[in-house]
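> In case you want the letters, here they are:
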Amino acid sequence: MLEESFQEQIDAERKIEPKDWMPDDYRKHLIRQMSQHAHSEVIGMQPEGNWITRAPSLRAKMILLAKVQDEAGHGLYLYSATETLGISREELVQQLHEEKAKYSSIFNYPTLSWADMGAIGWLVDGAAIVNQVSLQRTSYGPYSRAMVKICKEESFHQRQGYEIMAEMAKGTAEQKEMAQDALNRFWWPSIMMFGPQDSDSPRTGNAMKWKIKRQTNDELRQSFIDKTVGQAEVIGLTIPDPDLKWNEDRGHYDFGEMNWEEFWSVVNGNGPCNKQRLAHHKKAHDDGEWVRNAAKEYARKQELLLN
Amino acid sequence: MAENETVWEVFIQSKNGLAHKHVGNVHAADKVMALENARELYTRRNEGSCIWVVKASEIVSSETEDSEAFFDPSNDKMYRHPTFYNMPEGSKHI
Ligand SMILES: [Fe+2]
Ligand SMILES: [Fe+2]
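Going line by line, the protein sequences match chains A and B. Counting from 126, one number per residue, gives the positions in the first sequence under this note's numbering. Counting from -1, one number per residue, gives the positions in the second sequence under this note's numbering.
Zero decoy hints are in this set.
Coverage of chain B stretches by chain A, computed from C-beta distances (three or more under 8 Å per stretch; other residues unrestricted):
1. 24 to 34
2. 51 to 62
Here are the simulated BS3-like cross-link-like pairs (lysine-lysine), alpha carbons at most 27 Å apart as the crow flies:
3. B:LYS29 / A:LYS421
4. A:LYS274 / B:LYS29
5. B:LYS53 / A:LYS426
6. B:LYS53 / A:LYS274
7. A:LYS144 / B:LYS19
8. A:LYS140 / A:LYS334
9. A:LYS421 / B:LYS53
10. A:LYS400 / A:LYS227
11. A:LYS301 / A:LYS370
12. B:LYS19 / B:LYS53
13. A:LYS277 / B:LYS19
14. A:LYS140 / B:LYS53
15. A:LYS336 / A:LYS225
16. A:LYS225 / A:LYS408
17. A:LYS153 / A:LYS274
18. B:LYS13 / A:LYS277
19. B:LYS13 / A:LYS274
20. B:LYS29 / A:LYS426
21. A:LYS274 / B:LYS19
22. A:LYS144 / B:LYS53
23. B:LYS19 / A:LYS140
24. A:LYS277 / A:LYS227
No lab work stands behind these hints: they were computed from the structure. Note that the coordinates shown come from a computational prediction; the quantities given were computed from them, not determined experimentally. Backbone N, C-alpha and C fix where the C-beta goes; we use that ideal spot for every residue, glycine too.
Kindly produce the complete structure, drawing on both the sequences and the hints.
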């Protein structure tokens, strides 16, 4: 009965709000997906933070700093939205630390050269945008509103990355090689950011029925690839996929096999930087504990003074 | 587990003369920190000219389930709307 009227709301494109009745599995699915999204924004600051002190110019440094700060903001919008489902931020962080919650695998790859800042902005933020634009229409109100806000901020992220790639691609031979190398390393992990193929994605059914997701992994991936191929051509870089070619009948690009073995191995903790990313997050969290305690104690004393 | 921080709901007036609008929330130990966190989080691109922060626990909300009953009385009071009234033929600017 409740379940039926819930589905009617969804089918009528009405947003579900925190105090509305919702099936347990809807709530669980959202908590898992939204917290994973929030953790990704936060952990995603690390590979880029790695280059802030080594940015090649003051302009580049200011841009990167602003971008990384935006990502912190995205994490916070998403934690806030997740908390409306009745889970505390402390629990969410704890789940991350205990490896019960995941974050996007892409951030478990190292950033070896400045060109990686270009590749990440262009491809990783580019892929994130495709996903997030679609999620603006998600059925859960707070998630949808967080996505609208995030999407407004994202387009500068992708453009600054593409600008770095374009600059390097028309620089010295060595710079162009760095840009191509960054594209080679980030291409496949980027298109795997959309998750397993629909045929191997058991949760897609409910997520689509409940309109948590509005497009499937494969649809989103295809749309990202279709947008990106031309951008690579414009700056004279080559996407590292010999099978990539325009399919007139489908009206889309065909592309090669993704290496799912590597994908799952990174998801399960064996990527090049999994340990480092988590250890760094824990350390930052622990190192900040005295600040949180001091702030709380100060607030408590202020209250006492007033009463 | 650490105790949860106080949650503050954030309202921003985007420019002088407009109403404050809810934009989200922040965690903070006290009101000064809440305002500063709200500024950093919600106004990085000139989104506001004034910020309000209110402890989330202080907000009283009507219940969605009761909304029909709660808002019902207004539906049968059509005389609250200007279209309810018959204006004499030829009258203008009213
Ligand atoms: Fe982001
Ligand atoms: Fe971004």
